[in-house]
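Visitor: Sequence:
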Amino acid sequence: MGKALERLTLTAAAAGMPKAQLTNFLSVGYVPLPWQCRFHAAARLADKDGGPDAVGCGGARGPGKSTAVFAQLCLDDARRVPGFKALFLRKALKQGREQFDELVRKVLRNVKYKYNRNEGWIRLWDDSRIYLGHFHSESEIENYLGLEYDAVAIEEATTLTLSKRRAVRDSMRTSKTGWRPREYNSTNPGGVGHGWYRSTFVIPFRDHCELGTRFIPATVDDNPLVDADYRKRLGENTGWRLRAYRFGDWEIAAGQFFSNWRFDVHVKEFDVAGHWRKWGALDYGFNHPMAFGLFAQDGDGHVYVVDELRERKLLPGAQAELIKGRMGPHGFALPLLIWAGHDVFAQKGQDVRTIAMQYAEAGLPLQRANIDRVNGAAKLLQMLGDVERKMPATITIHPRCRRLIEAVPLMEHDPNRPEDVLKVDVDEDGNGGDDMYDMLRYGVMGAPGVFDYKGSKRGGNAG
Numbered sequence: 000m001g002k003a004l005e006r007l008t009l010t011a012a013a014a015g016m017p018k019a020q021l022t023n024f025l026s027v028g029y030v031p032l033p034w035q036c037r038f039h040a041a042a043r044l045a046d047k048d049g050g051p052d053a054v055g056c057g058g059a060r061g062p063g064k065s066t067a068v069f070a071q072l073c074l075d076d077a078r079r080v081p082g083f084k085a086l087f088l089r090k091a092l093k094q095g096r097e098q099f100d101e102l103v104r105k106v107l108r109n110v111k112y113k114y115n116r117n118e119g120w121i122r123l124w125d126d127s128r129i130y131l132g133h134f135h136s137e138s139e140i141e142n143y144l145g146l147e148y149d150a151v152a153i154e155e156a157t158t159l160t161l162s163k164r165r166a167v168r169d170s171m172r173t174s175k176t177g178w179r180p181r182e183y184n185s186t187n188p189g190g191v192g193h194g195w196y197r198s199t200f201v202i203p204f205r206d207h208c209e210l211g212t213r214f215i216p217a218t219v220d221d222n223p224l225v226d227a228d229y230r231k232r233l234g235e236n237t238g239w240r241l242r243a244y245r246f247g248d249w250e251i252a253a254g255q256f257f258s259n260w261r262f263d264v265h266v267k268e269f270d271v272a273g274h275w276r277k278w279g280a281l282d283y284g285f286n287h288p289m290a291f292g293l294f295a296q297d298g299d300g301h302v303y304v305v306d307e308l309r310e311r312k313l314l315p316g317a318q319a320e321l322i323k324g325r326m327g328p329h330g331f332a333l334p335l336l337i338w339a340g341h342d343v344f345a346q347k348g349q350d351v352r353t354i355a356m357q358y359a360e361a362g363l364p365l366q367r368a369n370i371d372r373v374n375g376a377a378k379l380l381q382m383l384g385d386v387e388r389k390m391p392a393t394i395t396i397h398p399r400c401r402r403l404i405e406a407v408p409l410m411e412h413d414p415n416r417p418e419d420v421l422k423v424d425v426d427e428d429g430n431g432g433d434d435m436y437d438m439l440r441y442g443v444m445g446a447p448g449v450f451d452y453k454g455s456k457r458g459g460n461a462g
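Note that numbering that gives the first Met the number 0 numbers the sequence shown so that position 269 is 268, with each residue one more than the last.
Hints were generated in silico from the structure; no laboratory data involved. Mixed in with the good hints, there may be bad ones.
What the hints assert, rightly or not - List of simulated lysine-lysine pairs, DSS-like, C-alpha gap at most 27 Å: (1) K323 x K267; (2) K312 x K323; (3) K18 x K2.
With the hints as extra help, turn the sequences into a complete structure.
Guide: See the structure below:
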């Protein structure tokens, strides 16, 4: 026991846990796993001005996510903050209440507490309360949002839409000195909230640019207490469920079109050689985002997406100036072949000057892209290759193209036209949508030497 305690103490210290926090846990018999130590350390970072106000964990099934979140609320926060009040939200699934009762018994086994199952609250440490919000649908969450909470915890956060998550966070407020309201959450990939969770928590973690959030990934491999049969059952899943539930892969979605997308394969840094062929692709927008990409191709036919632009509320002339400013640092020069959607060539209203004319006046003449949606999607699928079948990719995207990297794995099959990608609009904040994908489709269909599935050659005049 002495050596085990010494190892735990060193692990907790390396994760950044204060000694007092570890003492709070050990004094009531909770021994956090190494990954849970990182989660608890991140929760304490939320105490500091400028620290995160949202800490998420998980990615796969089985690491002990619920235990970590519930223990943080009950054994650390509620113990050290007099009158602490928190909301613990969870989806009311079959046997959900029984599972939660077991969680309460396990985490609070050495704590004096009162649990009112019917009214949905736990009182502990004399005057702290945890309110339990079991919901079947999002509309039921409103029943819990009339109070002020020092913290909120959301289990399976991807079952919520972004707007509902914001409504929950609006209840985070406090009058307690020295305490900063915060959100804890746990989840798996998939669900209606997959997109916002991935962009809010996972991508900042992956890109080492976390500010107001922290994400602690964990899989069943991080929990030595899980029995081998459970691990085996997770491994029996197939397709996106295997990648999500067993391995915590966020580059998936139910109905995902580009299921052969792999971040570690398709996103890499590279330098553009002077002799490579170069071109651009444009999906025009004003209220909707304008999406532009710079493309290059080496002597072996491999296509590279060099840089991107995504802007709203800019007139064509201003867009053109931004594009020209982006070209120089990467060795792109005028004249540049730019493939564009056909809407830019149409006259609108009384204005006789089309969008394409205005671009041309700014020094960027546009060409009609091959807008065949089915062939474009099929071509990109082919270029992404297939790791499992040892088919190499013939397209690489630079890490600076963050919006494009975010968009591609979220594209889904159109249920009415399975060989096509479902059209998706931006959300209320102008995020998401398929504008970046459409730009990419124009770009790959305009690559020199690209053949569509009908055999017609495309784009031999680039560069």
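Visitor: Checking one constraint from the list: CA of K312 to CA of K323, max 27 Å. Satisfied?
Guide: holds (18 Å)
Visitor: Holds or violated: are the alpha carbons of K18 and K2 at most 27 Å from each other?
Guide: Given that 27 Å is the threshold and the Cα spacing comes to 17 Å, the pair holds.
Visitor: Given the hinted pair K323 and K267, is their alpha-carbon gap at most 27 Å?
Guide: Holds, because 24 Å separates the two Cα atoms, which is no more than 27 Å.
Against the hints set out earlier in the document, no violation occurs for any number.
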